[in-house]
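Protein chains in written order, with this note's numbering: chain A, 1 to 275; chain B, 276 to 550; chain C, 551 to 723; chain D, 724 to 1298; chain E, 1299 to 1873.
In case anyone wonders, no lab produced these hints; they're calculated from the structure.
Treat the hints loosely; a few may be bogus.
[Unchecked claim] Listed below are the simulated BS3-like cross-link pairs for lysine-lysine, each with C-alpha atoms no more than 27 Å apart in a straight line:
| id | chain 1 | residue 1 | chain 2 | residue 2 |
| --- | --- | --- | --- | --- |
| 1 | B | K546 | E | K1544 |
| 2 | B | K546 | E | K1467 |
| 3 | E | K1799 | E | K1679 |
| 4 | B | K540 | E | K1799 |
| 5 | B | K406 | B | K518 |
| 6 | E | K1454 | B | K318 |
| 7 | B | K546 | E | K1799 |
[As the list claims (entries may be wrong)] So the derived list for chain D, only partly shown, Cβ under 8 Å to chain A, looks like this:
| id | residue |
| --- | --- |
| 8 | W928 |
| 9 | R942 |
| 10 | E968 |
| 11 | D979 |
| 12 | E1011 |
| 13 | L1015 |
| 14 | A1144 |
| 15 | P1157 |
| 16 | T1160 |
This structure is a prediction, so every number in the text was calculated from the model and none was measured.
We put the beta carbon where it would ideally sit given N, CA and C, even for glycine.
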Amino acid sequence: MTVPALKAKDYKSGIKAVWCPGCGHFAVLSALTKAMAHLGLVKEEVAVVSGIGCSSRLPAYIDTYGFHGIHGRALAAASGLKAARPDLTVIAAGGDGDGFSIGGNHFLHACRRNMNMAYIVMDNEVYGMTKGQASPTTLPDWSNSKMTPHGTGIPSFNPAAIALAAGAGFIARGFSGEPSELTRLLVEAIEHPGFAFVQVLSGCVTYRPDQKLWKEEVHPSESDLPTDDPVKAAQIIQAGDGKATGVIYAKQFPVWQPENRTDSKLNTIEKEFLL
Amino acid sequence: MTVPALKAKDYKSGIKAVWCPGCGHFAVLSALTKAMAHLGLVKEEVAVVSGIGCSSRLPAYIDTYGFHGIHGRALAAASGLKAARPDLTVIAAGGDGDGFSIGGNHFLHACRRNMNMAYIVMDNEVYGMTKGQASPTTLPDWSNSKMTPHGTGIPSFNPAAIALAAGAGFIARGFSGEPSELTRLLVEAIEHPGFAFVQVLSGCVTYRPDQKLWKEEVHPSESDLPTDDPVKAAQIIQAGDGKATGVIYAKQFPVWQPENRTDSKLNTIEKEFLL
Amino acid sequence: MSEAETVTIESVEEFLVHAMELEEASYEHYEELADTMEVHNNLEVAELFRKLANYSRLHAEEVHQRAANLALPTITPWDFKWKCPSAPEAFCMDDADYLMSSTKAMEIALFNEIRGRDFYQQVADNSSSEAVKKLAIEMVEEENWHVEMLREWQASMQEEQPQEDLDPPNMPE
Amino acid sequence: MSDSSKQATSQSYSVAITGSGGSGAVTTGRILLEAAAQCGFQGLMTRSAGPQIRGGESAAMVRFSQDPVECMGDEYDLLVGLDWRNIERFADELPLSDKSLILSDPAAGEVPALLRSNGADILEVPFKKFASGLPGGRLNMVALGATALVCGLDLKALETSVKAILGNKGEGIVETALLAVRLGYNHDHRPRITLEAPGKSADHWSITGNQACGVGALRGGTRFVAAYPITPASEILEWLAPRLEKLGGSLLQAEDELASINMIIGASFGGVPSLTATSGPGLSLMVEGLGLALVSETPVTVVNVMRGGPSTGIPTKSEQSDLNIAIYGLHGDAPHLVLAPLSIRDCVFTTQWAVQLAEHLQTVALVLSDQSLGQSQAIIKAPPQRELSLARKVEATPDAEYQRYAITPDNVSAMSLPGTAGGMYTADGLEHNPRGTPSSMAVDHRTQLNKRLHKLEDFDFGEDWADVEGDGRQCIITWGSSTGAVKEVAGWLLAQGSSIKIISIRLLAPLQHDRLKDLLKDMEKVLVVEQNHAGQLFHYLHAEGVLPVSAESLAQPGPLPLRPGRILRALGGGG
Amino acid sequence: MSDSSKQATSQSYSVAITGSGGSGAVTTGRILLEAAAQCGFQGLMTRSAGPQIRGGESAAMVRFSQDPVECMGDEYDLLVGLDWRNIERFADELPLSDKSLILSDPAAGEVPALLRSNGADILEVPFKKFASGLPGGRLNMVALGATALVCGLDLKALETSVKAILGNKGEGIVETALLAVRLGYNHDHRPRITLEAPGKSADHWSITGNQACGVGALRGGTRFVAAYPITPASEILEWLAPRLEKLGGSLLQAEDELASINMIIGASFGGVPSLTATSGPGLSLMVEGLGLALVSETPVTVVNVMRGGPSTGIPTKSEQSDLNIAIYGLHGDAPHLVLAPLSIRDCVFTTQWAVQLAEHLQTVALVLSDQSLGQSQAIIKAPPQRELSLARKVEATPDAEYQRYAITPDNVSAMSLPGTAGGMYTADGLEHNPRGTPSSMAVDHRTQLNKRLHKLEDFDFGEDWADVEGDGRQCIITWGSSTGAVKEVAGWLLAQGSSIKIISIRLLAPLQHDRLKDLLKDMEKVLVVEQNHAGQLFHYLHAEGVLPVSAESLAQPGPLPLRPGRILRALGGGG
Ligand SMILES: Cc1ncc(C[n+]2csc(CCOP(=O)(O)OP(=O)(O)O)c2C)c(N)n1
Ligand SMILES: Cc1ncc(C[n+]2csc(CCOP(=O)(O)OP(=O)(O)O)c2C)c(N)n1
Ligand code: SF4
Ligand code: SF4
Ligand SMILES: [Mg+2]
Ligand SMILES: [Mg+2]
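Excised from the complex, chain A in its bound form (with noise of 0.2 Å):
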């Protein structure tokens, strides 16, 4: 099929966001454009799957097919499309509570069903939809929900360390003040054969205005990644402040796709029941 070129914006549904003005989210989503638009997809046969939260509003945003389905199961409509359809190019994507909390079950089985997808996970370690409560990736002490006075008090989920452990393939980390690497990770993602995790860091502005900080705290990921050596990112991982960017993990396993073979009829499977 010939591919017009299309640019970035083509990718846009044209449907306004309803986040607020400086969200991190803005970031993703014009990344993710500019990341089909580098890799030529063609808009009918891509589908964003997404949750519930303000980042999981992302489908509506871009002109290809979307479902936004209920919270936390994103990846598991994400698998059953791909399994049944594919042709299409699959891209999931959710926030940390979408994807790690409620949806942490599927998260660790799509890791390791890897099926060819990629994973976006708009990580701004807080609740945005629902008024700012602590989520998996908050920080013990952060203790400005009312849900959760004195700070949650339990050790931070690090997504990329499950991801790994899970068995993954593909681990990144983006950063929505850093777009144009953020397309190149997107576009990496898409590109790998099996599934891909990429965790954002993309700061919320109204629950987190802390998070504004992050400009100056995040940095390139400074050794010679990505490592296929799973005992070596682990390593890296465990030993990271979470704040590096870039692709940490990179190996190619077997993708997992149901096989749709034809090679028989209904008329002849219904025969076995003959006496």
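Please build the complex by placing chains B, C, D and E with the ligands on the supplied structure of chain A, with the hints as guidance.
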């Protein structure tokens, strides 16, 4: 309170197990009651909480308080119980399907939350109770289940790796074929302040007769374990064959337990609504 | 941008691709700001961003016309030779606030325009190609004109301090 | 739909075979059923077992007839005891009368008083002694031979069946079994009953209800299944997995039911008719996903194989107690389809219809099968293929005006499938306007609520909504697996010259009010029969305003099957 | 229970204040309500907003009266426009009549035709101009002053309220606000209405329904909460978290709703009264857990704050559409408690009662609040403490015969709590015998089904099951938040000399059949009023056989509130 010296068998309820003769879970029951006797636990101050599966039948066979809940939710019920009743010794138990498939999310978050409880997973790499389907720990090429006639094709779930990445402070592996060592591991797990995870290789004679070979394959872990270095633990877990027994990782993190202060009266609190 | 290392662009084609990306990104960015301001009922500022977007669009069209008969190379989004995290005139997102005043919006615009100008200036300074230099200087001049115009607007505006929104946020889902 | 009106009554024979761990009661039953099938009978086999995972006490119940067999009847004609260990655990599942016969081995000890109390005859055959005369001989095969003789089944057919069922165990085993079977068969008893054997039929199927649901799913076009194992639904999945992939489809074993329901929603959004199967606890976990499918108008079908509830309940036993959750279990105003197969054979059609209705109406279809249908083996007439002109309305050439949730005359909007240029939209579980853009405006909410309601209410479901038989001023309304016993009662009454109308509802939601009311007008007596504690159908029919105030309810929870005699008593007012 | 029969009718004044992002409409409304409270009025404030997180268009609706205010009435007496941006998004939430007044700023442009169409008067006040005269002056404060004057509220009270509500913003802000308020107040308009101010009352509370549920939970003895945030329930949790821990309890933020329901089951098994709060999607995820609590007889309470459904639906708007799932949403035969608070004030008692009933009856209690109760601010008379003699039956000295699920006269079995010697047992979601040992025997199933049913059916719930008021041959049955509007209608009718009976059901399940039937006999007209699409209560009452066939349904889905006038029309047959 003075504790009368109880024997392991005093911790058994007398209800006859429905397990298949030869099932590994018998050894877990026996090791657990031995561990209880060794620790001199007061029976009524212990609660064993489980989900659904052959393994999850455990509580009924133990003469402590027990809760046989629903599939996958043992850790949630155990966490609630411990939060409300910090005085109890809480032990969660179940199978690989219960804990790592449907219960995966609670496993992740229980590791992170680090409440003071032990979690015993009787891992037979199969769903025994529902007649032998593949579980997350089943190897990808095991094709004896009709639901996955060519095997799952998906790399198996590495419980120790996940527990480590999720932040658990105590990770051990035992074997139903080594009940004495298993007793020791369970004693250590119960004594560990915080969340202690014990994966017990506990063969299913009915659906995994091949696991009779475990007797030959299981071996003590070689290295100078346990370590308290997560990077080293990660290395060992990643490199291992999954059949090495012993405590792999032990490190003390702050234990999470809600404070139960009593410094106000409801009357006083209600005054806030006065104009 | 000013702190960045030297940027060298040696062909007109490469330069035009940069200029095009810069202006288009700027256009899209202002459009997006205008949209969100509209969504958030800050109509004055929305209108201002809309105006700026329009300028950038015109600018981009100009660049397009210049490039009409040239075979332009493709540059991947992350290989552009600016050192800032995105196209020079499309930044400052997290400074955006739905209550921002027109003067604050002007500040953002000026920051962007100046950064754009500085980019062109660096190209002009460092390129060994006369053709590139010439084009770059033209762009610098245009951007300078932009900057001047913005400054004039700014001067004509009343300094406004945005007021804190006393209302609590909503919870849409 | 139904040729089952010629329900087996006196023209049937029923046998229960019991034994403890390893005695092979179930295998004996399977071979007996197969032998009856080889003789041309139709039949049914159910089973019951203790709580042990394997090796517990168990029983196989077999009934066969020249006519369709859709329930077990009231008492067993024949009880065969391989041994009597732990028989008290399920003696109440094995009703006998003074017309019954007990076949027992003196070596197994006396027949328990419990079984003898109704005055059944006892016939002794030394199973064990005979078997021990053969190297490797099994007493259940001796018993099988003796049983087949009592049942009047042909030895040839029996031998064929032994080979068919034990074939994969190796020749040695088959040979020994045949010897043992002959020993039992040639023992000196005469047949107790001689049903005329119709002769092997070329269009009879041997199938379980779970398999039949699988066939229906495939006939309906299902090509993607995601599921999580659960008793008693797993066999649907186990049957489908290897077969789907031969038809270009696939089955994905999910990490849990939350995943499986959302996976099939994703797949269906992609255009592939999708289904899952589960039981109560799994269905509970799916209701949030069902709401999403409903609001996003993504067709999905869920086969719920009911078991004793609530909570984990009694997983191995049948009950019809999930009607409430099936109809009312979604939050919000959430009309959707609920269907129930009326027999094992009907599992094929009802599941097919459900899948195609879901596709056609772009909604959720729930199929309420149950353990007694799902896990019983039946010999039935092959269900004919039915072409239904029901399919998803797809927009192949969307233009700029395309609206995913457009209001149309039939309230079904054409769906644009991923891959279709120009039809891009975002499916949403948030309330939305016709384009699919989230909206909280009253007009959009009302419009879409009406759309989702009326596409169901206004659709003409035709005659398949129920099986209606008989006439008269008395009426039984029933649903699902209870239909078998109800039809047996109707058969008895007909044989006695009295008449009754039977309405077996296949389409439970949307309820076909007008049709039902029409059928019920002028009824003097209406009895609603179902297998649960609360009378869930009874209350539902009242909720929908179709029942006369005088209607009565016969609701009996599991685990015991509803027996025709019980229904007859309820009809007589002696209930 | 109810002093609200003296419902505000003509003796009330209602104001809507609208504005776009940052204009402070909600703050204005809050201060206005507070000022009315300071004058001794009771009142209510609701709000509405666009889809944006912050800075969207929003409106605050305030109504106050000398009597309890439990709904917003039909039209607003006064509409204050801080600006008119995007007003069309929710203009239909702001009904006006020709008796209404619109207060507007000429600088904001013309009053939109939409609002003018009913002939409301327009009064112009230059909010912006006045405000810009003050450094840092806010136009909403000018508008507040002008509004308070029109409402006839005392300036002193207004000033006190400004200080109370803006106090934490710093002195400067308060000072400027006071100046602006005075500017608006001293503008040259006269009060439009003068309600006699009763004078500040020492026993009035300012509280939201969500907070009131929190108070009720604490009064009922709740000391453990596990929950996952969700709109519009989060404020219950946010209010409880810091307060529970002062009372020796705790709140745990769970990873999801599956965890939270199972956590509170675990905690309650440990003997601590436990509760969670959620909304539709979360409740959906909890139904499996609810079944476990029910079968294991572990008391838990779930407050479900309803929002527009189904699926994600309309999260910020109110609807009463979760009655079905609340009553019928569990698989199996699963009777349990369902309650609904009838007003914000009643959230206190109903939640307390629910928690204590759950404890007393060892079962599941669901409390159906909704967004309109939960997120509205009310000025109410402080609800008196009520001591209820309802508590968990605990076995402190179990002996060897102890049976956790023993059959007792009231079908409630004493529970032995962990820590109690000799009382060890295993709670189970599998069907079990009285000891708790899993059983699949018919007799055990039947016994426990009956036990779980009859402990509810046979319990005497007393008079609190409903608020019953008025008399006559016409009757309205309603539930939950619709009660406010229904009571207003009753007030009107009473004022006109006609009479009507109002039954507001607080205890929805188990339904109090006999009491209801008794109340309904001799009724000529019965109207069932509720805020959903399907008429869920109407159908439920029919299912339970308590409604006459002639009963009518007025069911109106969200997001718009049910207005008294609409109900009156339905009563008149003009519905
Ligand atoms: C089952 C269910 N539980 C809870 C919610 C409420 N809810 C909506 S979004 C959200 C969290 C969003 O956080 P995140 O995924 O981090 O996205 P963000 O808004 O921060 O981008 C929650 C808890 C829901 N919609 N459904
Ligand atoms: C919600 C739900 N889904 C599915 C099931 C069916 N089920 C019961 S046990 C089980 C798996 C048990 O496997 P595991 O936990 O490994 O225990 P094992 O029997 O192997 O010891 C399943 C899937 C259920 N009871 N509930
Ligand atoms: S609340 Fe936070 S995450 Fe949500 S749109 Fe606003 S800034 Fe973004
Ligand atoms: S089926 Fe397997 S796991 Fe279950 S009791 Fe038997 S041997 Fe044990
Ligand atoms: Mg977030
Ligand atoms: Mg297992």
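For the hint on D:D979, does the least C-beta distance to chain A fall short of 8 Å?
holds (7 Å)
B:K546 and E:K1544 were given as a pair; does the straight-line alpha-carbon distance stay at or below 27 Å?
It holds: about 14 Å lies between the C-alpha atoms, which stays within 27 Å.
Given hint D:T1160 near chain A, where the shortest CB pair must fall under 8 Å
Interface hint status for D:T1160: holds (6 Å vs cutoff 8 Å).
Holds or violated: are the alpha carbons of B:K546 and E:K1799 at most 27 Å from each other?
violated (36 Å)
Holds or violated: are the alpha carbons of B:K406 and B:K518 at most 27 Å from each other?
holds (24 Å)
Would you check the hint for B:K546 and E:K1467, treating anything up to 27 Å between C-alpha atoms as holding?
Roughly 23 Å separates the two Cα atoms, so the pair holds.
Restraint outcome when D:E968 is required to lie within 8 Å of chain A by C-beta distance:
holds (6 Å)
Agreement of E:K1799 and E:K1679 with the hint, judged by alpha carbon distance not exceeding 27 Å:
holds (24 Å)
Let me know if the C-beta of D:R942 comes in closer than 8 Å to any C-beta of chain A, holds or violated.
holds (7 Å)
Checking hints one by one. Is D:E1011 an interface residue toward chain A, by the C-beta closer than 8 Å rule?
Holds, because the Cβ-Cβ distance from D:E1011 to chain A comes to roughly 6 Å (cut-off 8 Å).
Does D:W928 meet its interface restraint, that is, does its C-beta lie within less than 8 Å of any C-beta in chain A?
holds (4 Å)
Please check whether D:L1015 passes as an interface residue: C-beta within 8 Å of a C-beta belonging to chain A.
With Cβ-Cβ at 5 Å, under 8 Å, it holds.
Hint compliance for this structure: hints 4, 6, 7 and 15 are not met, and every other hint is.
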